[in-house]
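Participant: Now for the letters of each chain:
2 protein chains.
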Amino acid sequence: MNFKQLLRHPSLRPFIDQARFGIEREGQRVTLAGKLARTDHPNIFGDRTFHPYIQTDFSETQIELITPVTDSIQELFQYMAAIYDVAARTLPKDEMIWPLSMPPKLPEKDEEILIAKLKNFEDVLYRRYLAKEYGKRKQMVSGIHFNFEFGEELLKLLFNHQDEISCFSEFKTELYLKTARNFLRYRWIITYLFGASPMSEENYFMDELPLINPVRSIRNSALGYTNRPNVQVSYSSMEQYLKDIEQMVEEGKLSEEKEFYTPLRFRGGKRVADLAKTGVRYIELRNIDLNPYVRLGIAQEQVQFLQLFLTYMLWTEEKENSDQWVAEGTLRNNKVALEHPASQTEFYQEGVAVLEGIKQMLLELDWLEPLFLVEKALDQMNHPEKTPAARLNQEAQRTSQKEIAVKLGRQYYKESHEHPYQLAGFKDMELSTQIFMFDAIQQGIEVRVLDESDQFLRLQHKEHVEYVKNANMTSKDRYIVPLIMENKIVTKKILKEAGFRVPDGEEFSTMAKAVNAYPKFANRTFVIKPKSTNYGVGITIFKDGANLEDYQAGLTIAFKEDTSVLVEEFIPGTEYRFFVIDGKVQAILLRVPANVIGDGRHTIKELVAEKNLDPLRGTDHRAPLEVIQLGELEQLMLKEQGLTVSSIPQKNQIIYLRENSNISTGGDSIDVTDEFSESYKQIAVSAVATLGAKICGIDLIIPDKESDPRINSTAYAIIEANFNPAMHMHVYPFTGKGRRLTIDVLNLLYPKRDRI
Amino acid sequence: MNFKQLLRHPSLRPFIDQARFGIEREGQRVTLAGKLARTDHPNIFGDRTFHPYIQTDFSETQIELITPVTDSIQELFQYMAAIYDVAARTLPKDEMIWPLSMPPKLPEKDEEILIAKLKNFEDVLYRRYLAKEYGKRKQMVSGIHFNFEFGEELLKLLFNHQDEISCFSEFKTELYLKTARNFLRYRWIITYLFGASPMSEENYFMDELPLINPVRSIRNSALGYTNRPNVQVSYSSMEQYLKDIEQMVEEGKLSEEKEFYTPLRFRGGKRVADLAKTGVRYIELRNIDLNPYVRLGIAQEQVQFLQLFLTYMLWTEEKENSDQWVAEGTLRNNKVALEHPASQTEFYQEGVAVLEGIKQMLLELDWLEPLFLVEKALDQMNHPEKTPAARLNQEAQRTSQKEIAVKLGRQYYKESHEHPYQLAGFKDMELSTQIFMFDAIQQGIEVRVLDESDQFLRLQHKEHVEYVKNANMTSKDRYIVPLIMENKIVTKKILKEAGFRVPDGEEFSTMAKAVNAYPKFANRTFVIKPKSTNYGVGITIFKDGANLEDYQAGLTIAFKEDTSVLVEEFIPGTEYRFFVIDGKVQAILLRVPANVIGDGRHTIKELVAEKNLDPLRGTDHRAPLEVIQLGELEQLMLKEQGLTVSSIPQKNQIIYLRENSNISTGGDSIDVTDEFSESYKQIAVSAVATLGAKICGIDLIIPDKESDPRINSTAYAIIEANFNPAMHMHVYPFTGKGRRLTIDVLNLLYPKRDRI
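Read top to bottom, the protein sequences are chains A and B.
Heads up: the first sequence runs through residues 1 to 756, numbered per full-length UniProt numbering.
Heads up: the second sequence runs through residues 1 to 756, numbered per full-length UniProt numbering.
Hints listed in this document are in silico derivations from the structure and should not be mistaken for laboratory results.
Given the structure is predicted, the values throughout are model-derived calculations rather than measurements.
Treat the hints with care, since some could be wrong.
Which copy is meant is left open, so a pair is good if it fits within one copy or across any two.
Cross-link-like lysine to aspartate or glutamate pairs, in silico, EDC-like; alpha carbons within 16 Å at most [to be verified]:
1) 132 to 418
2) 513 to 369
3) 520 to 153
4) 386 to 57
5) 520 to 366
6) 611 to 599
7) 376 to 356
8) 178 to 317
9) 93 to 164
10) 319 to 201
11) 386 to 562
12) 513 to 17
13) 496 to 451
14) 496 to 71
15) 243 to 274
16) 258 to 122
Extracted from the complex, chain A is given alone in its bound form:
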């Protein structure tokens, strides 16, 4: 089959970069001092065997992060970053993920290296066998497994342009076989470029002679974690491949199929033998060292390069004797792996030739965007000191590899921890959704972003699929319910009919009708507001009645915002947000206008700057709280109090900088859930039930929360019910206890799952 010819077909051009990707990344848990962790895999992840994202590999300390399969590299790294963040932040406060492929200093005694505590006894038995067969220490090495599948349309077009093979899956198998053979032949180039295990830490080579000189990749050398040399499997055809593996098992050279530790695995069905039926669906590269210089262990450019490299493996010619061809590759790889990292490689010329070949291919295919990656690789071919292994080795000269690993590890630790409300990879999404995704990933519920800008998620646990928008809009609420809440008139009618206190008022569609009603409100405390805007725009409050002129002015302002205007009784008191989920008040929040508290020494400006240092404060809704501004409005507010930004308030004097209590203008969020008696919570719960809602943020005005609403009929009034209430401000309040509402929503969606 002339794949090069097929790849050249112009109809393929638009799809040439189409592929699917997946990554598994291992890493040792260590203390912040770089000592192998002695703790168990965190309990909150639930049963690791079924966790879609976070499992353990060989040892209890070896965490394994698994991305879903994605259609783009960008998406791959989004999930990778998110899963990394979740793992890193779930570990005990003094633990981090070791950034190197080679493990940290291992215990002297083998028995102190703990095999992963898996539920399934067979899994434990297999690990025990491995420990015996290869030694526990070798199993402690970590790396990247990279899953790669050419795009469906790309494959179909290739298939359609040939007529040698009539079965699509057979065709794919042939295609991946060629890719694999060439990859195995040239994989030394990956070892050269990506190798990053130049030396081991203490107690790694306990029984063998330690290496004297640094190398490119211990992990990818014969000293790494490979089968014994007597394990020989042919890649000439799928039939032969499967037959050989079967024979190795029969002869006892492998305990079972999955012990075949080739740098490239074919993947089809669940078991290797299934490949006979399923054909190859994708390939798994297992020879990528952890890149210590990036938090995730592999950089986006590396994956892009791998895609080019694999496409070239399909493109470029191979030799007829495939077993020999592959064996030659193994030989070269093993040599290159043990070369000094700063030295030129023995196979420099072949390396350059292959890279030039890739370049040529890209030019022929008009696939120009990634050309720079080839240039970069060529540069590294010419400058071995720029390879990660050489870099790591060089830096280690000054201190030690361990110290560098600890330094990098701590840096990544900090990056993962400094904004606990954010989820790496998805920082453009709303905070509530980021927190919600964090929890879903942590709890082992599969989560996919269907539309990032629309905060649209797909969740799955076993067969149970749920769609969620904004982290609070789910299948659990009936459609009519948010429509009720969206309409203030209807909400009030329903609540009033059910006996709840709501502000008395009327709706008007014309100025004339509203003016006619003036006498009803003239001497009351009331508010004029547009029917359907929500952000305080167009609202006028009359605390002691109004003359006709002011009344009309208020109406004019409101009618500018909406064709319908409400004139409503104004109920004085403090407004609290009650967050009700599934019939329970899970959080109560008080919002306070932007303010600072004096200390008798600092100016208002200094106090604001100080308060703004809180990592919970940010801008543009990127943090649970917004930084306090000192703009026109704030200065005006100060002026009205006879103050300027340079005034020095007395100790404990509270200076308000805003009239409104919106979080978006620097207000504080204060959790007061535990300060309320059951009776108020009961009101919120029943009101939400009356509206039929499962998830609702309901706002109550309460003049005095010590007053008993069961006795005092004016102890509260319901102001508004929100069907899209923000959740992040409850999870990360300014003061008071955080309430993990996102978990409550997950529990509502998946009440019966086998974890918390």
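Position chain B against the provided structure of chain A, taking the given hints into account.
Facilitator: Using the frame of chain A, we list chain B on its own:
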């Protein structure tokens, strides 16, 4: 108690016109020729005893329309009009509602006057007793019962400003007792002003001497439907009132309490005796003749006048001996009822004095708006020929009362029938909601409009409440479902994943990214569209690929409408709307661009004018179809075909006037439900199930509907799923069978109710 003093309190002013209203209106069913109907009460209303709006009174032919209780007169007439429309349009095609209080010509034989066929045997027995006691003929008279309650706040303020009575319900009873006594004393004025039964039709006075001269109101005279003179009940106190009624029953003068046919009834609990406990909650006036000059039998101004009149009855002084006071009133009423309608009344001076008193009260209370009604009444006092009785009598001189009644009846029949898709009283609401409300009323499901401009309804059947918006948004759909449909990307992802064919495409958030993807679409048939607009705005179709320039132009247009743009495979074929409710395709609609069909004789302009005569066509979405315009776009379209508005198309030649098939631009709606095989319906049903929707309009592109989608994988593609699909176009299509989707929605909401 000095009620006048209380009413004068300034704090009451804003609430002085606050009241609650209800109407029951009886009417005989007759043929369009004015003969008493021989048919049964229509079956579709279900069990009339439980129908909230449409029942029967004494006889099978006597329909009774009942409004809900409303807080305003305007609302009262909205429901009254709607219920009238439903009743009128549900009767057999050749039946109408007789507009007079006096029945049409009655059968000679008593046994041909059929007692209402009620399920409850006790109800039938009671009617048999009445027939025997009063004669069947008297029972055939119809009228208005008017329920009136002073407003809650008004009553509370009155109560708060006095300290004679400490119990609120006792206070209300006193208040209504005074109102009642004065009303009974002065009710002759109502008989004078509203009386409209000047003479009877044939066979009414079978056993008695017929009246020689016309009168003001047979119905309100001693010849009308009243208790025998030996039934005497005192209104001096509630205690006495109840005691007297009890005694009348004990003495056999009444068969039971409800046989007490006073012109004013106190209403509290279910039975008269309950009043002792509940107090009076409202009063029911029973002395209003049907006003033949308005379709509903009573005019809005009449109800307004009654409110003034009743308020004045509370305001004005009464004499101490209340029994004598009431008796005097009865005497006067009976005299006035039998006066010649065109004559000045004997009690002219008292009448003027009362009306002047009302005027004075209004002036004192600053309640000026309804003053004109008092002037009108004074005018009728001075000009008896302007009273309805006089008018009817006068007109009858020229022809006959019967002929006038038939003429008026037919006029009202026409008004109710000419726009079957509209519901009187609620014509400002969307057509789908009007049709839905029609069906709910017809089926006896209580329906209240919570917000007219928002199409928000509250339904109730027994204890089961449902809220509905736009007639298609209900509690039966889960909230996430419309959110999925609102997002085209998410909808397509979910449908594609489930194996449905959707147009292939991509979403772009920047011009640059979209331009990069150009090669993928360059040679395909595709469409560029904004992500979330729905009305065809910003869409460009490329039927044979596009050059880069045109591609960019298309993107620019789309990016003007939205920040996200879709570039999507264009699938040629015909678009059909499948309307799925509760897992069934209930309608399939084809929309065709505005067009006319030639006849070889008329110009396009004439053909358009002819087509626009269809009563289904209107403007501004007030009808199921829009009138065809001949504006710029249409003329341009003609020009492109080498035509002008004056061209005369050949016979059967179809001339299209628009490219787009929107109904809103004059397109035709064609029901094709029965033309599709099950296999296409199955696709629509499964796709909607995949999205999780109960109510959904899903649009399929089908190149050839004879092609079998189970064999041909490109037989269809799903274009869009709509969570707010219009229903009226299916109910009243241009051609093909109408599909009453509104009933399907009612069946979804109330599957177990005891009617269809």
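Participant: First find the shortest C-alpha distance between residue 258 and residue 122 inside one copy, then the shortest across copies, and answer within, between, both or neither for a cut-off of 16 Å.
Facilitator: Answer is within; shortest intra-copy Cα gap is 13 Å, inter-copy 85 Å.
Participant: For residue 520 vs residue 153, is the C-alpha pair at or below 16 Å within one copy, between two copies, both, or neither?
Facilitator: Result: close only across copies, 11 Å inter versus 70 Å intra.
Participant: Treating 16 Å as the Cα threshold, decide for residue 243 and residue 274: within, between, both or neither.
Facilitator: So residue 243 and residue 274 pass the 16 Å test inside one copy only (12 Å; across, 94 Å).
Participant: If the cut is 16 Å between Cα atoms, do residue 386 and residue 562 qualify within a copy, between copies, both or neither?
Facilitator: Cα proximity of residue 386 and residue 562: none, with 64 Å in one copy and 46 Å across.
Participant: At 16 Å max between alpha carbons, let me know whether residue 496 reaches residue 451 within a copy, between copies, both or neither.
Facilitator: Intra 38 Å, inter 15 Å, cutoff 16 Å: inter-copy only.
Participant: How would you label the pair residue 520, residue 366 (within, between, both, or neither) given a Cα cut-off of 16 Å?
Facilitator: Classified as between: cross-chain Cα gap 14 Å, same-chain 76 Å, threshold 16 Å.
Participant: Give the relationship of residue 513 and residue 17 under a CA distance limit of 16 Å: within one copy only, between copies only, both, or neither.
Facilitator: Answer is between; shortest inter-copy Cα gap is 15 Å, intra-copy 65 Å.
Participant: At most 16 Å between C-alpha atoms: does residue 386 with residue 57 qualify within a copy, between copies, both, or neither?
Facilitator: neither (31 Å within a copy, 99 Å between copies)
Participant: With identical chains, the pair residue 376 and residue 356 could be close in the same copy or across copies; at 16 Å between alpha carbons, which is it: within, between, both, or neither?
Facilitator: within (12 Å within a copy, 103 Å between copies)
Participant: Within a copy, between copies, both or neither: where do residue 611 and residue 599 come within 16 Å Cα-Cα?
Facilitator: The answer is within: 12 Å in one copy meets 16 Å, while 82 Å across copies does not.
Participant: With identical chains treated as interchangeable, where does the CA-CA distance between residue 93 and residue 164 reach 16 Å or less: within a copy, between copies, both, or neither?
Facilitator: Cα proximity of residue 93 and residue 164: none, with 59 Å in one copy and 74 Å across.
Participant: First find the shortest C-alpha distance between residue 496 and residue 71 inside one copy, then the shortest across copies, and answer within, between, both or neither for a cut-off of 16 Å.
Facilitator: between (52 Å within a copy, 15 Å between copies)
The structure shown violates the earlier hints numbered 1, 4, 9, 10, 11.
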